[in-house]
Amino acid sequence: NEDKWDFVLVSDIHEMGSEKEIKRKKFLDELSKKGFTIKKIEDTKLFYGVRAPQHIFWKYQCLLTNPDRRQRNSNANQDVLATTRIRVVHFILQNTVTSDLEKLPDLMKKKVFEAAFPLHKKEEISETLKKKWARWGVIFKEQPITEIRSYFGEKVALYFAWLGWYTYLLIFAALAGLTTIAAGATVFSSSQVSKEICDANNTIMCPLCDQNCSFWVLSDTCTYAKVTHMIDNEATVVFAIFMAIWATVFLELWKRERATVVTKWDLYEWDDEEEELALQLINNSQHAPQKYRHSYFRSTIILILALLMIMVLIGIAHALIIYRAVAMALFAQSEVALLSKHADTIAVMTGAVLHYITIIVMTKVRSHTGPWTFLPFLEELRTSSQREKSFTVKIFIFQFFTNFSSLIYTAFFLGRINGHPGHYMRIAGHWRLEECHPSGCITDLFIQMAIIMLLKQTISNIMEYLIPWISHQLRKKKKSPKRRMMLGEEEEAEDPCKTQWLNNYELNEVDVFSLFNEYLEIVIQYSFTTIFVAAFPLAPLLALINNVIEIHMDAIKMVRLRRRMVPRKAKDIGIWLQVLEAIGILAVIGNGLVIAITSDFIPVQVYKYMYSPCTRENHTSMDCSTGYINNSLSVFHIQDFEPHTKVTPEFNGIQIKKYRDYRNADDYTYTVQFWHIFAARLAFLILFEHVALCVKLVAAWYIPDVPQRVKNIILMDKHESLQNEL
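365 is the number of the first residue of the sequence shown in this note's numbering; add one for each residue after it.
Since the hints were made in silico from the structure, they are not lab data.
As the structure is a prediction and not an experimental result, all values here were calculated from the model.
For every residue, glycine included, the Cβ atom is placed at its ideal position computed from N, Cα and C.
Worth double-checking, as some hints may not be accurate.
What the hints assert, rightly or not - So the derived label-pair ranges between C-beta atoms look like this: (1) 1046 with 1077: 47 to 53 Å; (2) 543 with 478: 53 to 59 Å; (3) 384 with 655: 57 to 63 Å; (4) 1077 with 781: 45 to 51 Å; (5) 1076 with 638: 23 to 29 Å; (6) 1086 with 840: 34 to 40 Å; (7) 654 with 1076: 24 to 30 Å; (8) 690 with 924: 44 to 50 Å; (9) 1039 with 1076: 56 to 62 Å.
What the hints assert, rightly or not - Below, a list of computed lysine to any residue pairs in the SDA-like style, where the Cα atoms sit at most 20 Å apart: (10) 475 with 873; (11) 655 with 754; (12) 705 with 581; (13) 559 with 939; (14) 519 with 939; (15) 519 with 815; (16) 384 with 402; (17) 397 with 458; (18) 728 with 559; (19) 368 with 486; (20) 753 with 876; (21) 519 with 620; (22) 390 with 647.
Please build the complete structure, drawing on both the sequences and the hints.
Right, here's the structure in full:
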């Protein structure tokens, strides 16, 4: 019966009497002692089908209070759920010890076995998933979460339930982002600040580089200024507060949805630690549980290693800063008019592409290096779920710094640590740091986020789908035209298992990190969607489009292109919920800093209420931001240029040039207005974050984590159970 095998082990054909052949035989003998049925099929590889004895699952049902126990029927072979069978057998296979004290993972490292996997079986539920989920034609239809749970287990089902819920609520965030952009578009040409830049035909600005760069006219950047003020306006502040509330509401509503789902599955009070203890006892009745431990020495080592890795990532961000500074100087000196005229924008765009390449490279480095894998084991954590949580936090921190270190520089340091004409901050004493555009730095952040998100959601997603598909096609082409199958020493003309086992073997490998990587990808996307969303209101829209595709792309990979995942039980999304809550707090801080520091919102407001003509005269018809641009530019005398600075002779007749800053014309110290703006930025940041965090707390209190209906179901179950016991 081709449906009766729980797992398949694959091995190369080793020489009789070789060390690998002996180790393989020892492992299979240990399984036989535990009552496993083993079937051998020989082809270009050796395939061993294994099936666990029924008493193992009866023990599991007796030891654990779970839905499976209610379905127990000792007279039938179908009394145990397929997902439970696979999970139990997988645990026993992974923890069976040979006489050489080796387990299956050790044997796979030594190439004794090549693969071990459960089977995709042609049954009604798998065909339902292919028809209703794992194809592009149903991209806008509801996911069959119940069927996903029945085939892949609760952990995978909860991932897709969470991803679907997140995608649904992104609709509201995307609409808010589009509304913000639309509000900005209404002032695209009518903004007073933009008008002043476009009309500044006589405002001569300092050169963008030190060697052979010309002075330039402020009005040359008219279009750039209009785009900047389409993003940077009063609507952005409202949108940032909305997104802080949205992030809280999303998580609170997900908690309610999760409670409803797991109560329906009767897993609300399920304990993964209890299941692991039960499985250890089923595998070995003499097993002694590992006790809880904590070592300050080991924790210190882990902390040092983590800090060293973070320092490496910050160093990579510094390399990107150096690239942008050098690229800016080279583009500005280029004889190609397009490069020299738009040097700053091209430097930002190429820097963003380089940042994306860095993300890809560091992700590959992370996935192919050992330190992050062994750190949880260095901590001596007791259970696999604890190791998974520890691993998740460390990898997320690594990926967070990889993705955001360069963005943090652009948002909070670009144009603020570069000095001023005549006294620039320089890299290696040669290349000066970039400056902000006179209309603000927020467009640089907008461009960088747009490029990274677009590249991640096009190239990365295409490769994520194509690589498994191409790999699967190549594995199929390697299929041998003739296969000879044996059971023991007897040849069989045709074995009903042969096609199924070989077809499953030809699928792409799946490991314990497969679902983890899917979570990590979406959580990093969630970070982009919330943390700097004030600078890029289109982020929720891009995330929405990506997720609609991502759900079905993941489904196709899981059902059609990859071997079957080992089903795992879960009652929530684990440590990822705490990670999402931390991102929500970072989003409040990040967006507050973007508005207070990166945006020109605060300087414009300070000018309106303290320095504009409106403060001196009662001009009801006047726009109070009139004169802001000229007020935000400082004066520089060209005789104060550094000795090695060489500029082209254009505008040489004018001895006074302008640059963006608030400095005195005589000694270039900060003006009083600079300190007024600084104080206003700080006050706004404190006010914004406190208001946003208070609103988050109120929203979290207002929306209960668990619906009353779910609480009542649990209450009645407990009452009925106690009444029956009585």
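Hints and how they fare:
no.: 1; hint: 1046 with 1077: 47 to 53 Å; in the structure: 50 Å, holds
no.: 2; hint: 543 with 478: 53 to 59 Å; in the structure: 55 Å, holds
no.: 3; hint: 384 with 655: 57 to 63 Å; in the structure: 36 Å, violated
no.: 4; hint: 1077 with 781: 45 to 51 Å; in the structure: 58 Å, violated
no.: 5; hint: 1076 with 638: 23 to 29 Å; in the structure: 25 Å, holds
no.: 6; hint: 1086 with 840: 34 to 40 Å; in the structure: 57 Å, violated
no.: 7; hint: 654 with 1076: 24 to 30 Å; in the structure: 39 Å, violated
no.: 8; hint: 690 with 924: 44 to 50 Å; in the structure: 47 Å, holds
no.: 9; hint: 1039 with 1076: 56 to 62 Å; in the structure: 59 Å, holds
no.: 10; hint: 475 with 873; in the structure: 15 Å, holds
no.: 11; hint: 655 with 754; in the structure: 17 Å, holds
no.: 12; hint: 705 with 581; in the structure: 11 Å, holds
no.: 13; hint: 559 with 939; in the structure: 50 Å, violated
no.: 14; hint: 519 with 939; in the structure: 13 Å, holds
no.: 15; hint: 519 with 815; in the structure: 33 Å, violated
no.: 16; hint: 384 with 402; in the structure: 19 Å, holds
no.: 17; hint: 397 with 458; in the structure: 16 Å, holds
no.: 18; hint: 728 with 559; in the structure: 47 Å, violated
no.: 19; hint: 368 with 486; in the structure: 12 Å, holds
no.: 20; hint: 753 with 876; in the structure: 13 Å, holds
no.: 21; hint: 519 with 620; in the structure: 17 Å, holds
no.: 22; hint: 390 with 647; in the structure: 17 Å, holds
The structure is inconsistent with the numbered hints 3, 4, 6, 7, 13, 15, 18, although it conforms to all the rest.
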